[in-house]
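Those sequence lines, one after another, are chains A and B.
Okay, so the first sequence: first residue is 1 according to this note's numbering, each after it adds one.
Okay, so the second sequence: first residue is 1 according to this note's numbering, each after it adds one.
Across the chosen pairs, the derived CB separations fall in these ranges:
(1) A:T103 <-> B:P114: 32 to 40 Å
(2) B:R27 <-> A:F96: 35 to 43 Å
(3) A:E45 <-> B:A109: 31 to 39 Å
(4) B:E31 <-> A:N64: 18 to 26 Å
(5) A:F96 <-> B:F174: 52 to 60 Å
Chain B stretches covered by chain A per the calculated footprint, using a threshold of three residues with CB under 8 Å from any CB of chain A:
(6) 28 to 35
(7) 100 to 106
As a list, the in silico DMTMM-like pairs of lysine to aspartate or glutamate whose alpha-carbon atoms are at most 25 Å apart:
(8) A:K102 <-> B:E34
(9) A:K83 <-> B:E31
(10) A:K83 <-> B:E34
The set of hints was computed from the structure by calculation and includes no laboratory data.
These figures come from a predicted structure and were not determined experimentally.
Each residue gets a CB set at the ideal place from its N, CA and C atoms; glycine is no exception.
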Amino acid sequence: MARHGAAPDPRGGARKHDDEKEALRSVRGRAAEATPGALDRLIHERMRLGIVSALAANESLTFNELKGLLQTTDGNLSVHARKLEDAGYISCTKSFEGRMPKTAYALTVPGRKAFERYLDHMEALIRAARDA
Amino acid sequence: MATVRPLRPPPVERDPALSDRALDNLRFIRETMERAGTFTAISGWGIVAVGVLAMVAAAVAHIRPTVEWRVGTWVVTAVACIALSMWATARKARRSDVSMVSGPAQKLALAFSPAMLVGALLTVALLRTGANDLLPAVWLLLYGTAVVAGGAFSVRIIPVMGVCFMILGALALFAPPAVGDWLMVGGFGVVHVVFGIQIARRHGG
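This is chain B alone, in the form it adopts within the complex:
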């Protein structure tokens, strides 16, 4: 009697552990690539110092007689804060042996800058048209946008901080002008201090 042969060879028995190991390897690759593409040397204490400086600036701006003086106070403070946070971050990077010109650091700077430049241009335009009441909203929204964009290349808490600024900026757009100053204190002061402490605690300074 003729023997019956299957048309196809029997399927190769697969070891489920092999695919588990493959999944584990892919997970390891993804996590390593995420960590490698992240700039982790943002200084939490530097952000706290920026927050404190912003609170002082808010108090000084409040007693200034004219809009120009008040805006001038904030602009000078912003420049001082950028310099301070860069210095604190460079210090932390040196301590942690992380390069300030590595791929992630460059991407962070490139992603952070455009919204800040737009903020500077809009500040000039709004001052010229006399729409000064919009400045707190524009500053909070665009700084928040810059932090969210730059934060994509840093630890996850940074973009969350940016979102907080954007929410405060959105509130400032529709709030009465007097509230705008308080929202600036809440954002540039309190949000910086709170998130700065969290970053310092979780990410080594």
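Just chain A, with the same shape it has in the complex:
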């Protein structure tokens, strides 16, 4: 959003992204060891953050459970789940319950570590703002 009445910046989104990357780099501790760009793309997005958070609270969740929990559509959920799966953050198991196909997702070890790193980043950002 433009400040002090200036004209809106067409690169506002990109600048915000760069600001966050810069701030993430400048925080200390474990958070600084991660690669902020990769975290931003994979976990920072709301739907993917929701998927990872929900799976962090459960051993596994089915596609329908995640869909109901995150109040989203089949297409949206499968696109974001696929991205997390491709990154190795979540695993996907397909099976049959009677004649109905069932897809279950679970958080992998790298996924849990990435989630913890993301939490560290967020906490570090808050601490940095308080200390400033």
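Given chain A, put chain B in place with the hints provided.
Here is chain B on its own, set in the frame of chain A:
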């Protein structure tokens, strides 16, 4: 003239909006994890039916001639109520596409069971020692404990219902024996019906 250099580099200017966004993200994560760890398919109408059944049981038990018959009536009703509420919850879970064997559902069942088992054992022990007057208090207290423990993995209104049972149980401990039966009607009957209607209204059946 020599220039003066600061010993430390100037502090990086922080964008307060960044920490706001970080706070917002953490809030979103916490809320999502809370919802994901919650079993929401407890059937409100099932609880109402349990309450009605309990009121009928109280009326039947009241006219039974002996303590054994009265306790037997309540025990049979308790078993029927557990079966009824499980059936109603399974039905709601199927309708809402929620698994009955998911993590939260398993945790709820595991947290609910110990106090119920203790209640069953104490019932036998109290009957053997002839301390029948304590049964209403023990049943209300332990059922309340089971509901509070299991309710930690469900919607927030469930543990509140458990607390109501525990309060009635505490009253029954110190009330005259004749009042114990009425407290059972108030708890297993009225509290179930009132909370069941609230759950059905707020949480889709």
